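Top line first, the protein sequences correspond to chains A and B. Those letters in the first sequence? Residues 1 to 225, per the numbering used here, in order. Those letters in the second sequence? Residues 1 to 206, per the numbering used here, in order.
Don't read these hints as lab results, they were simulated from the structure. The model shown is predicted, which means the values in this text are computed figures rather than measured ones. For each residue, glycine too, the CB sits at the ideal point set by N, CA and C. Where hints are given, some of them may not hold.
For the chain A half of the interface with chain B, some residues (derived, Cβ under 10 angstroms), not all of them [to be verified]: (1) ASP13; (2) VAL41; (3) PHE51; (4) PRO54.
Which residues of chain B face chain A? A few of them, derived with a C-beta cut under 10 angstroms, are [unchecked claim]: (5) GLY21; (6) TYR33; (7) LEU50; (8) ASP52; (9) ILE54; (10) PHE59; (11) VAL60; (12) GLN134; (13) LEU141; (14) HIS184; (15) ARG188; (16) THR192.
Cβ-Cβ distance ranges computed for the label pairs, FRET-style [what the hints assert, rightly or not]: (17) A:ASP57 to B:LEU191: 34 to 44 angstroms; (18) B:GLU24 to A:VAL138: 53 to 63 angstroms; (19) A:ALA19 to B:LYS167: 28 to 38 angstroms; (20) B:LEU191 to A:PRO194: 58 to 68 angstroms; (21) B:LYS167 to A:ALA71: 32 to 42 angstroms; (22) B:SER65 to A:LEU192: 46 to 56 angstroms; (23) A:ASP181 to B:ARG31: 43 to 53 angstroms; (24) A:ASP181 to B:SER65: 34 to 44 angstroms; (25) A:ASN43 to B:GLN163: 16 to 26 angstroms; (26) A:ARG22 to B:GLY171: 23 to 33 angstroms; (27) B:PRO12 to A:ARG158: 31 to 41 angstroms; (28) B:ASN85 to A:GLY27: 39 to 49 angstroms; (29) B:GLN189 to A:LEU147: 54 to 64 angstroms; (30) A:LEU147 to B:LYS167: 45 to 55 angstroms.
Below are the chains, spelled out letter by letter.
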Amino acid sequence: MHARIEQLLAFEDQAVCDAVVRQHVDGCADCSRELTRLRGVRNSLRSMPQFKAPSLDLRALHADVIRQTRAFSDRGSSGRPNGWRATAVAALCALSIVLLTTFTSHAPTQSVVADAIAPPAFQVPAEVAAAALKQPSVATLVSYSQLLDRTLHEMPRRPTTERAATSAAIDSLQDHIQWVDFQLSVARDVGLNPAQSAVLWEDRVRLMNSLLAVRYAEAQRFAVL
Amino acid sequence: MQPPSSSNDIDPAVIAAAQAGGTEAFEAIYRHYGDRIYTLVRRLTSRESLADDIQQEVFVEVLRSIGAYSGSGSFGGWLRAIAINKTLSYLRSPWVKRTLWLDAIVPHEAQALLDQAVADLSSASADGVMTGDQAALDAALEKLSPNARSVVWLHDVEGYTHQEIGKMLGGTASMSKSQLSRAHLRLRQLLTAPETSPCTPVSNSY
Numbered sequence: 001m002h003a004r005i006e007q008l009l010a011f012e013d014q015a016v017c018d019a020v021v022r023q024h025v026d027g028c029a030d031c032s033r034e035l036t037r038l039r040g041v042r043n044s045l046r047s048m049p050q051f052k053a054p055s056l057d058l059r060a061l062h063a064d065v066i067r068q069t070r071a072f073s074d075r076g077s078s079g080r081p082n083g084w085r086a087t088a089v090a091a092l093c094a095l096s097i098v099l100l101t102t103f104t105s106h107a108p109t110q111s112v113v114a115d116a117i118a119p120p121a122f123q124v125p126a127e128v129a130a131a132a133l134k135q136p137s138v139a140t141l142v143s144y145s146q147l148l149d150r151t152l153h154e155m156p157r158r159p160t161t162e163r164a165a166t167s168a169a170i171d172s173l174q175d176h177i178q179w180v181d182f183q184l185s186v187a188r189d190v191g192l193n194p195a196q197s198a199v200l201w202e203d204r205v206r207l208m209n210s211l212l213a214v215r216y217a218e219a220q221r222f223a224v225l
Numbered sequence: 001m002q003p004p005s006s007s008n009d010i011d012p013a014v015i016a017a018a019q020a021g022g023t024e025a026f027e028a029i030y031r032h033y034g035d036r037i038y039t040l041v042r043r044l045t046s047r048e049s050l051a052d053d054i055q056q057e058v059f060v061e062v063l064r065s066i067g068a069y070s071g072s073g074s075f076g077g078w079l080r081a082i083a084i085n086k087t088l089s090y091l092r093s094p095w096v097k098r099t100l101w102l103d104a105i106v107p108h109e110a111q112a113l114l115d116q117a118v119a120d121l122s123s124a125s126a127d128g129v130m131t132g133d134q135a136a137l138d139a140a141l142e143k144l145s146p147n148a149r150s151v152v153w154l155h156d157v158e159g160y161t162h163q164e165i166g167k168m169l170g171g172t173a174s175m176s177k178s179q180l181s182r183a184h185l186r187l188r189q190l191l192t193a194p195e196t197s198p199c200t201p202v203s204n205s206y
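Full structure from sequences and hints, please.
Structure representation (structure tokens):
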């Protein structure tokens, strides 16, 4: 009976090791060979050459960090000049979520960010929510999509320093929106019917909503730094 | 060639200068630790573009919070902890889990060529020449799951205990141990030629 790999690893780590295992390994050629092999793997790992780090513009990054820190302290003293804009975006995000609940008849495509990074709950006026709960027409979807475009355009510029995960999410959403836009642009040529167009517009609204939610979460994060 | 876990720390005066806001001190810190931190991040992620992004995030975090470094422990250890936290939280993010990498969908025939190209690039971009064994090990490491690769690297190279790794990964020491065992089994499969007969795992009865 040979020793299991976890026993050999524990043996190699000089962890508490069963005396019987120790005795077996000492006397077993197979296990000794396996222990030597494990030792060799670890030595190879430890002596692997280093990678060369990419060059970073630390001066620019440092200046950016200082600017953000100052912006935060200025905002603290002057009473949040962008408060109304942030509230408007938050309310729009909340409205988007209400709207999206009406789109359950179609399978979602890529709307995963809204679930992962849900903005905080905000009060939506009852009449707005009631209007949103009605089944939207293509015209409503188009105008809503345009509203989301405008809101996105109004958002502050993205920070110079980005989080890798946030950038990946934003890139992915923008790619998908471009793909939907392309499909919509050729809808007439390929003969899409109104129902198919509506599905595409719903997708666009959903993706735009997700993009707005991510951008909002990113802006909030930088606002508190 | 210096192993990644080497712990020679930078002059405390440089750290103090960086805490006072000196950009040159930050540049000195980057020159001193940049490669080591990048190697750690690159080994955990196994993808160059991700590692580049995370490297920047790590050093932005250092720029932001260097004032919080009290000097009680090693500065290199503090930096490593930031790098590991950033990398693991990135690997845990739903975006990474849902990402379908190009090399995961190429046909089987193309995979061998791609593996070779990746191995060549890895060897070429490392600051030194790998031996044949190391190149094979490098390629095998890339085939492990991110969690398994992280456990192997953090335990076998960086020297963290199972307890520490379990905590970093949001689990337990025994989870880390079992991940390490499975990872080494997988590495053995990937590295051992089919004609050799490895020590067969059997039940724990003597």
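Would you pick out the hints that fail for this structure and give their numbers low to high? Per hint list: zero violations.
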